[in-house]
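Q: Take a look at the letters that make up each chain.
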Amino acid sequence: MSSIAWFKLASPASFFPLARRLVPWFGAAAAVLATIGLWVGLLVAPTDAQQGDAYRIIFIHVPAAWMSMFIYLVMAFWCAVSLTFNTRLAAMLAQALAPTGAMFTFLALVTGAMWGRPAWGTYWAWDARMTSELILLFLYFGYMALRNAIDDPRRADRASAVLALVGVVNVPIIYFSVKWWNTLHQGASVSLTSAPTMAAPMLAGMLVMAFAAWFYAIAIVLLRVQAIIVEREKNANWIGDLVPRTR
Amino acid sequence: MKEGGLSAFLAMGGYGFYVWTSYLVAAIAVAVEIISVRARKRAAMKSVRKSGHRVSVPDDIQ
Chain A
11 MSSIAWFKLA SPASFFPLAR RLVPWFGAAA AVLATIGLWV GLLVAPTDAQ QGDAYRIIFI
71 HVPAAWMSMF IYLVMAFWCA VSLTFNTRLA AMLAQALAPT GAMFTFLALV TGAMWGRPAW
131 GTYWAWDARM TSELILLFLY FGYMALRNAI DDPRRADRAS AVLALVGVVN VPIIYFSVKW
191 WNTLHQGASV SLTSAPTMAA PMLAGMLVMA FAAWFYAIAI VLLRVQAIIV EREKNANWIG
251 DLVPRTR
Chain B
-17 MKEGGLSAFL AMGGYGFYVW TSYLVAAIAV AVEIISVRAR KRAAMKSVRK SGHRVSVPDD
43 IQ
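Going down the list, the protein sequences come from chains A and B. Numbering of the first sequence is given in this note's numbering, commencing with residue 11 and proceeding in unit increments. Numbering of the second sequence is given in this note's numbering, commencing with residue -17 and proceeding in unit increments.
Hints in this document: simulated from the structure, not taken from any laboratory. Among the hints, a few may not be true.
[Claimed, not checked] No more than 16 Å apart at the CA atoms, straight line, and that leaves these computed lysine to aspartate or glutamate pairs for EDC-like: (1) A:Lys189 with A:Glu241; (2) B:Lys32 with A:Glu243; (3) B:Lys23 with A:Glu241; (4) B:Lys32 with A:Asp251; (5) B:Lys23 with A:Glu243; (6) B:Lys28 with A:Asp162; (7) B:Lys32 with A:Glu241; (8) B:Lys28 with A:Asp137; (9) B:Lys28 with A:Asp251; (10) A:Lys244 with A:Asp162.
From a predicted model like this one, the values you see are computed outputs, not experimental measurements.
Working from the sequences, and respecting the hints, build out all of it.
A: As structure tokens, this is what we get:
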């Protein structure tokens, strides 16, 4: 274990080449999984007895909704690390996660509306699940806006980290909202504690799409963090080694 | 896709608009994100190059 120099990896200069090497692998894994997931979801999985083919939105909606919450937790984790240990890379990772988290939250809301209309007869209701998911989108926007409003990146790191950590209470509210309140939104599609209620190909398609979303998120965040590292470490000597010499 | 062919597949049992809007929005969102993040990295690298950054390695290396 001592051969892995964690503290060395925690410096942007050593993390940059690692991120650059990992992106194509995670990106390729995401593409392969998305192809399999779409094939299973659109062609193999049977039509649902109650919801017809409208349920096929689940293959986008559920992975997007899971990622919207999971990315927020990961972002809050790196914010906590950056506040505690004052590490630049942790703050950069949090900064890189926010736009992708917002993208998945947006997708969860839009695909939810597209499913709500045929299933409940309305695109939108101020129901606990939907309202708390909308608040999640505003938390991502607020985090990014606060960052952009502060010129000094280290101060922006600290202020936005505090905002992200305060907002983390919203995640369990989203997750448990269908249990705590009598919502229009249906209960959990998948439970770890009970036998699956969905047909096997439906469940398989959904899980494969969830893994595709997960690998995509890793790839795009590792790509964005490279841009952020270069933007923020512009004046560091090692950055010059990355770019071809100007003649 | 069992019976009915492509038109039945696209119709999605009458829910085609809702299903395909969801998939289309997702595809566009992912494409836009990939393009914009690539552009952001390229711009960041370019600005380093423009600033005439001093390279820390000697000339005989590379």
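Q: Given the hinted pair Lys23 (chain B) and Glu241 (chain A), is their Cα-Cα distance within 16 Å?
A: This hinted pair holds, its Cα atoms lying about 9 Å apart.
Q: What's the verdict on Lys32 (chain B) and Glu243 (chain A), does the C-alpha distance respect the 16 Å limit or exceed it?
A: 15 Å, holds
Q: Could you grab the alpha-carbon distance between Lys32 (chain B) and Asp251 (chain A) and see if it respects the 16 Å cut-off?
A: 14 Å, holds
Q: Can the restraint linking Lys244 (chain A) and Asp162 (chain A) be considered satisfied, given a maximum Cα separation of 16 Å?
A: Since the Cα atoms of Lys244 (chain A) and Asp162 (chain A) sit roughly 14 Å apart, the hinted pair holds (cutoff 16 Å).
Q: Would the hint linking Lys28 (chain B) and Asp137 (chain A) be met if the CA-CA limit is 16 Å?
A: Cα-Cα ~47 Å, so violated.
Q: Hey, Lys23 (chain B) versus Glu243 (chain A), does the alpha-carbon distance stay inside 16 Å?
A: 13 Å, holds
Q: For a C-alpha distance cap of 16 Å, please report whether Lys32 (chain B) and Glu241 (chain A) respect it.
A: Holds, because 13 Å separates the two Cα atoms, which is no more than 16 Å.
Q: Compare the distance between the alpha carbons of Lys28 (chain B) and Asp251 (chain A) with 16 Å, and conclude whether the hinted pair is satisfied.
A: 13 Å, holds
Q: Keeping to a limit of 16 Å between CA atoms, is the pair of Lys189 (chain A) and Glu241 (chain A) held or broken?
A: Status violated; Cα separation ~44 Å.
Q: Can the restraint linking Lys28 (chain B) and Asp162 (chain A) be considered satisfied, given a maximum Cα separation of 16 Å?
A: 22 Å, violated
Hint check: violations occur at hints 1, 6, 8; the rest are consistent with the structure.
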